[in-house]
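Given the coordinates of chain A, work out where chain B should sit on it, guided by the hints.
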Amino acid sequence: MKNLALIFWSAFLVNNIILIRLIGLCPCFGITNTIETSAYMGITTTIVMIISTWLTWIIFHGILFPLNLVYLRTASFILLIIIIVQLLEMLLKRLYRKLYNTLGIYLTLFTANCAILAVTFLITESNFDILQATIFAIGTGAGFAMVIIIFATLRERLEFAPVSPTLKGYPIAFLATSLIALAFLGFYGLFGIM
Amino acid sequence: MSKWLISAKRIIIENPVIVMMIGLCPALAVTNTVRSSLGIGIATSFVLILANTILSLTKKIMPDKIRIHISIIIIATVVTIVDYFMQAFYPDLRQTLGIFVPLIVVNCIILSRVEAFTIRNSVVDVVLDGLAAGIGFTLMLAVIGAIREILGHGTFLGNPIFGGDFKRFPITFMILPPGAFLAVGILMGLFNKYIKKPK
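Residue numbers (my numbering), protein chains in the order written: chain A, 1 to 194; chain B, 1 to 199.
Be aware that a few hints might be false.
Okay, the calculated beta carbon distance ranges per label pair [as the list claims (entries may be wrong)]:
1. V70(A) with I66(B): 19 to 29 Å
2. K93(A) with R35(B): 41 to 51 Å
3. F169(B) with L87(A): 20 to 30 Å
4. V127(B) with Y71(A): 24 to 34 Å
5. I68(B) with I63(A): 15 to 25 Å
6. K167(B) with K168(A): 33 to 43 Å
7. D64(B) with L87(A): 17 to 27 Å
8. R35(B) with N127(A): 57 to 67 Å
Some chain B residues well away from chain A (every beta-carbon gap over 12 Å; in silico) [what the hints assert, rightly or not]:
9. F46
10. N159
11. D165
Chain B is faced by these chain A residues, among others (derived, beta-carbon under 10 Å) [claimed, not checked]:
12. L25
13. S164
14. I172
Simulated from the structure, these hints should not be mistaken for lab results.
All C-beta atoms in this analysis are idealised placements derived from N, C-alpha and C, irrespective of residue type, glycine included.
Extracted from the complex, chain A is given alone in its bound form (with noise of 0.2 Å):
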């Protein structure tokens, strides 16, 4: 139980997937305009990792490891990923109208977004059991929802404040996160997780 505890707040607030291992920046400075934008995004993201990993953590130790195949990880997870965010992207357009004219366009970007590819390698790579790895999914998923949503109250609070026309944009919006970053990097060691 403390393992899981552990595991949660590693993959939440210590080794944080945005800030401190830098996966996942794309959608992070490409889109997040508004907190309710920031906010679906999130959980959606969150849904998708947890999904994502179920089913490749199943293919791979159910088919790949067994069957020696484990040069087609990459090959396979990403097209893995590419049906569930389709899958996804119908039952919203079915169920939830609303929801999915918000999100628009963001939802197929899911495909190209690092982060949902990167948990489901480094949960291979660290040999995790499905429930250590569904942990460490919901704890990624919440410590990325939680940056965006911090993106984008920064952002907001950067389109009225006095800045040089030479920094105005995304250069202001870099040096801020370089001081949250710091900012995370006082997480470090925390509970004893390095």
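Relative to chain A, chain B alone:
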């Protein structure tokens, strides 16, 4: 001749990392040292050129509905080749780069080139375009890597360039994640000030 000029322009003015804001993850995550920056840059360029060439040659026989799926499988195949090549010949570099080598498959640069350019142009143009985007990417990663390595380790490609106190107390901040954001942010600011195309 004009083709070469356009390609040269793309390396700087349309640089993938600091202008188009794509391919950011490797640009920030593995640019601790010049060596790993060059490693990921060259690997990505190789995948970009080879995968785009294959896709350009097969675009006529590809069914439209599952084009993206097939593109991604071809990219994944090339990435796997690069991954195993690195594990065999540069195991220490592969160890440093970690999961960022298989993650080349979702690098936005490759997918965006496939979608925007490869399906409409001839093979020669595609190779040239891949080369330009690849060089621009590798160059920018090398610059970021150089800044971070010189300030954070006090070395360049592993050779010490500062002596004395700096060697004992380098600015470790620069090789940690916040240093990556700082270096890229300042580079973007400098680019805006001096090179940005007039609107």
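Status of each hint after checking the structure:
1. V70(A) with I66(B): 19 to 29 Å: About 25 Å separates the Cβ atoms of V70(A) and I66(B), which means 19 to 29 Å holds.
2. K93(A) with R35(B): 41 to 51 Å: Once the Cβ atoms are compared, 47 Å apart, the range 41 to 51 Å for R35(B) and K93(A) holds.
3. F169(B) with L87(A): 20 to 30 Å: With Cβ atoms ~54 Å apart, the hint is violated.
4. V127(B) with Y71(A): 24 to 34 Å: holds, 27 Å
5. I68(B) with I63(A): 15 to 25 Å: holds, 24 Å
6. K167(B) with K168(A): 33 to 43 Å: This hint holds: roughly 38 Å between Cβ atoms.
7. D64(B) with L87(A): 17 to 27 Å: Given about 20 Å between the Cβ atoms, the range holds.
8. R35(B) with N127(A): 57 to 67 Å: Violated, at about 29 Å.
9. F46: The claim stands: F46(B) keeps its Cβ more than 12 Å from every Cβ of chain A (closest is about 15 Å).
10. N159: holds, 26 Å
11. D165: holds, 24 Å
12. L25: With Cβ-Cβ at 4 Å, under 10 Å, it holds.
13. S164: It holds, given that the least Cβ distance between S164(A) and chain B is near 9 Å, below 10 Å.
14. I172: Hint on I172(A): holds, closest Cβ of chain B at ~7 Å, below 10 Å.
In the structure shown, a violation is registered for the earlier hints numbered 3 and 8, in ascending order.
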